[in-house]
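Protein chains: 2
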Amino acid sequence: MEEQPGEGETLRPGYKIWLEENGRVFGEGIGDLLEGVSRHGSLSRAAREMNMSYRQAWGLIRMVEDRLGYPLIHSQAGGGRGGGSHLTPEGETLLRKFRLFHKRAEAALNEIFGDIFGD
Amino acid sequence: MEEQPGEGETLRPGYKIWLEENGRVFGEGIGDLLEGVSRHGSLSRAAREMNMSYRQAWGLIRMVEDRLGYPLIHSQAGGGRGGGSHLTPEGETLLRKFRLFHKRAEAALNEIFGDIFGD
Chain Y
1 MEEQPGEGET LRPGYKIWLE ENGRVFGEGI GDLLEGVSRH GSLSRAAREM
51 NMSYRQAWGL IRMVEDRLGY PLIHSQAGGG RGGGSHLTPE GETLLRKFRL
101 FHKRAEAALN EIFGDIFGD
Chain D
1001 MEEQPGEGET LRPGYKIWLE ENGRVFGEGI GDLLEGVSRH GSLSRAAREM
1051 NMSYRQAWGL IRMVEDRLGY PLIHSQAGGG RGGGSHLTPE GETLLRKFRL
1101 FHKRAEAALN EIFGDIFGD
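Keeping their order, the protein sequence lines are chains Y and D.
The working numbering numbers the first residue of the first sequence as 1 and each following residue consecutively.
The working numbering numbers the first residue of the second sequence as 1001 and each following residue consecutively.
No lab work stands behind these hints, which were simulated from the structure alone.
It cannot be assumed that every hint is accurate.
As the list claims (entries may be wrong) - Calculated lysine-lysine pairs in the DSS-like style (CA-CA distance at most 30 Å, straight line):
| id | chain 1 | residue 1 | chain 2 | residue 2 |
| --- | --- | --- | --- | --- |
| 1 | D | K1016 | Y | K103 |
| 2 | Y | K97 | D | K1103 |
| 3 | D | K1016 | Y | K97 |
| 4 | Y | K16 | D | K1103 |
| 5 | D | K1097 | D | K1016 |
| 6 | Y | K16 | D | K1097 |
What the hints assert, rightly or not - Selected chain D positions facing chain Y (Cβ under 10 Å, derived; list incomplete):
| id | residue |
| --- | --- |
| 7 | K1016 |
| 8 | W1018 |
| 9 | L1019 |
| 10 | G1023 |
| 11 | R1024 |
| 12 | V1025 |
| 13 | L1100 |
| 14 | F1101 |
| 15 | A1105 |
| 16 | A1108 |
| 17 | F1113 |
Unchecked claim - Some chain Y residues close to chain D (C-beta under 10 Å, calculated; not the full set):
| id | residue |
| --- | --- |
| 18 | I17 |
| 19 | L94 |
| 20 | A108 |
| 21 | E111 |
| 22 | I112 |
Remember, it's a predicted structure, so these values are computed and weren't measured experimentally.
From the three backbone atoms N, C-alpha and C, an ideal C-beta is built for every residue, glycine too.
With the hints as extra help, turn the sequences into a complete structure.
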């Protein structure tokens, strides 16, 4: 939608938040993917929901696991129900903490912004 | 430097903060450029310090001014001392508020991170 300069919108804060350890390691992307695994019990369904290939999703998780030094998901191949993937306890804890960090950070940034830029 | 997975570093927060108005409008880049103009009284010197061409720097400032709807710098061409550029009062105010927002946001994010991820 075209907007006139200086009209139709007011100034607001923008931000992106992630975690670093041996480089950028955990952000919205891996967070959403792990949440999908948790919800569906399946990495391939979680990947599809994010328009990623299974290979991409698996590669992302392995890269993050390598940097962190511990597993985030465990997968069972085959079997009567065709296997599945679940978060490890460490994966669940990290996801929960990241979500909390993100939520509290968002609230703090909005409050600080209001203090400084509010009329 | 190569690091072993999970060693040599601990988890820490990462973030990028900016202002939005009709799109992403004001962040570190334009902030540093305006600070350089304020320090040097010269857009070309400020640009050079950031390894930008004068044209790039001028284009960035015009884009931000268009989105905000007010001028950030005013320039005097020629004259005995070869002209120069200075921040407008609105430009000074915005830069000062952005720096304060950034500083307070950084402190808040570190504190929240420590609360959640600290041992």
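Status of each hint after checking the structure:
At roughly 16 Å between alpha-carbon atoms, K1016(D) and K103(Y) fall within 30 Å of each other, so this suggested pair holds. Note on K97(Y) and K1103(D): the hinted pairing holds, with a Cα-Cα distance of about 24 Å set against a maximum of 30 Å. Using a Cα cut-off of 30 Å, the hinted pair K1016(D) and K97(Y) holds, with the two alpha carbons roughly 19 Å apart. For the proposed pair K16(Y) and K1103(D), the alpha carbon gap of about 16 Å is at most 30 Å, so the pair holds.
Taken as a hint, the K1097(D) and K1016(D) pair is honoured in the structure, with Cα atoms around 16 Å apart against an allowance of 30 Å. As the CA atoms of K16(Y) and K1097(D) are separated by approximately 19 Å, the hinted pair is consistent with the 30 Å bound. Interface hint at K1016(D): satisfied, since its Cβ lies 5 Å from the closest Cβ of chain Y, which is below the 10 Å cut-off. Contact between W1018(D) and chain Y, as hinted, is supported at the beta carbon level, the nearest pair being about 4 Å apart and thus within 10 Å.
Given hint, L1019(D) at the interface with chain Y, holds; its Cβ is 6 Å from that chain's nearest Cβ, closer than 10 Å. The closest approach between the C-beta of G1023(D) and any C-beta of chain Y is roughly 9 Å, which is under the 10 Å cut-off, so the hint is satisfied. Interface restraint check: R1024(D) against chain Y, minimum CB-CB distance 6 Å, threshold 10 Å, status holds. Checking V1025(D) against chain Y by beta carbon gives a least distance of about 8 Å; that is within 10 Å, so the hint holds.
Below 10 Å, beta-carbon pairs count as interface contacts, and L1100(D) has one with chain Y at about 6 Å; its hint therefore holds. About 5 Å separates the beta-carbon of F1101(D) from the nearest beta-carbon of chain Y, less than 10 Å, and the hint is met. Against a cut-off of 10 Å between C-beta atoms, the interface hint on A1105(D) holds, since the closest Cβ of chain Y lies about 5 Å away. Against a cut-off of 10 Å between C-beta atoms, the interface hint on A1108(D) holds, since the closest Cβ of chain Y lies about 4 Å away.
Residue-level restraint check for F1113(D) holds (minimum Cβ-Cβ distance to chain Y is 6 Å; threshold 10 Å). The interface hint given for I17(Y) is met, as the beta carbon of that residue sits about 5 Å from the closest beta carbon of chain D, less than 10 Å. Using the Cβ-Cβ criterion of 10 Å, the hint placing L94(Y) at the interface with chain D is satisfied: the shortest such distance is roughly 9 Å. Hint status for A108(Y): holds, given a least beta-carbon distance of 4 Å to chain D, under 10 Å.
Hint status for E111(Y): holds, given a least beta-carbon distance of 8 Å to chain D, under 10 Å. Interface hint status for I112(Y): upheld, as the beta-carbon distance to the closest one in chain D is roughly 5 Å, under 10 Å.
Violated hints: none; the structure is consistent with every hint.
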